[in-house]
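Between the sequences and the hints, there should be enough to build the whole structure, so can you do that?
Note that the protein sequences, when read in sequence, are chains A and B.
Numbering of the first sequence is given in my numbering, commencing with residue 1 and proceeding in unit increments.
Numbering of the second sequence is given in my numbering, commencing with residue 1001 and proceeding in unit increments.
Rather than coming from a laboratory, the hints here were simulated on the basis of the structure.
Ideal Cβ placement from N, Cα and C applies to all residues, glycine included.
Each pair of labels, with its calculated beta carbon distance range: (1) A/G223 x B/D1185: 32 to 38 Å; (2) A/L10 x B/G1195: 54 to 60 Å; (3) B/G1147 x A/A13: 36 to 42 Å; (4) A/P39 x B/F1017: 36 to 42 Å.
If you want a taste of the chain B side facing chain A, the calculated C-beta under 10 Å gives, among others: (5) N1083; (6) A1094; (7) F1096; (8) S1098.
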Amino acid sequence: MNFLQPVGHLSLALLATAGRLTLFAGSAVAHVVRPPYYPRMVLRQMVEIGYYSLPVVGLTAIFAGMVLALQSYTGFARFSAEGAVANVVVLSITRELGPVLAGLMVAGRVGAAMAAEMGTMRVTEQLDALTTLSTNPMKYMVAPRLLAGLTMVPVLVFIADIIGVFGGYLVAVYKLGFNAGNYLQSTYDFLKTEDVVSGLVKAGVFGFIVTLMGCYHGYHSRGGAQGVGAATTNAVVSASILILCFDYILTEMFFAR
Amino acid sequence: MNDAVPKIHMSGVRKAFGSKVVLDGLDLDVGVGESVVVIGGSGTGKSVMLKCILGLLEADAGTIQVDGEDVLGISTGDRERINRKFGMLFQSAALFDSLPVWENVAFGLLAQKRVGRAEAKEIAITKLAQVGLTREVGELFPAELSGGMQKRVALARAIAADPEIIFFDEPTTGLDPIMADVINDLIVKITREVGASALSITHDMASARKIADRIAMLFQGKIIWVGPTREIDQSGNPYVDQFIHGRAEGPIQMAVRA
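Right under this line is the structure:
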């Protein structure tokens, strides 16, 4: 029955990781709400996540909106349902593509950087040095990043929603020959508050996931350059998978009735 | 040793990683204002001992007391209060590379919110002067400094909050002999000025002879010899003799093929 052994090992390792991650997340959240606070660190991370991710998220959003308009037009033209293009674009962007694409982009940009920075601080004893200076690394390093991720990714997604819809509008009006006024009117008619809100809630969850994964893998990295490299990879891969996984769960919660 | 409560008291400290026992019943006291140096080969658990005192690692068994207060298994808040008595010089300096030098030095003061930023900067500059660095160095980033200067900045950071106990983890490793001696002199001068107790670990005998009041030898997780620095050459302990003379032959067998 030797083939059961690796299965058991794998299951135990998976459960242990899930447990460690939950404890880490719990402790990090506790540090977010309990003083002392480090507003300078929070502000710096908010700028890093919110401001410096804007170009990459904006570009992703505008191309997503443009391609969506083009694709749905060629599809719907077969049923003479071209009028649904505005509907498809605005719902897809606000509900799905805005949060998911922004989440994945932030995972690649910010999650990787966090894991690399924290991992390097771990292997060069800088995290230990924090402790000896009466500063809890969970509070000084992890909590500001989680808070910034939780608040700034929704802001990013809100902007991405606007840019994405605008991308769809550009293609629809200037390439596919839609009437600008009609297109905007049908975009506006179809859009409901809960579409945007559900997307922003997703964005908050994704922001939390990305920063949590970056911090967790960086904090627990070991060894030298190789360990930091592995931490960075693990942070991006695990964040991306969890984003898609939670995207389904949240969609189910919001829209399946 | 006087009769007063020692600054640091360790007895029967044990720490194992899995089946590998690193500290196996370690006993050591550091008196008030005393400088104790722990010598021992690489991988004998010197760093683990320091990390156990600092709370970076949790000892499995035994007693560690700071000023007579037990510090094993205390809460995070108590740990932060205890650690305020400590200053630590890391082997790799461990400066925060995202912050300029002066903010590194003043980090502990700023973190405890004892002083404002302007005042913290002034304190940082006086501490930098104490280790022989100028005001201009304070504006640089750690990556722009040489190894010796990084060590000095780390030393300034360790003493910035006027600690009662300073830990030195291999203070001279990776430095040329002259810079090593400069650092040794600074350590002696500064611990005297601050009036702090010091606990150092090293395998550099020149450094140990210079900064120690007492020397202790760690071998296989236990202190096998401890005595005043001047007696180390007449220890009568074959392990100590082999180590201080750096001989390959003797009772200590290096695991070359571990």
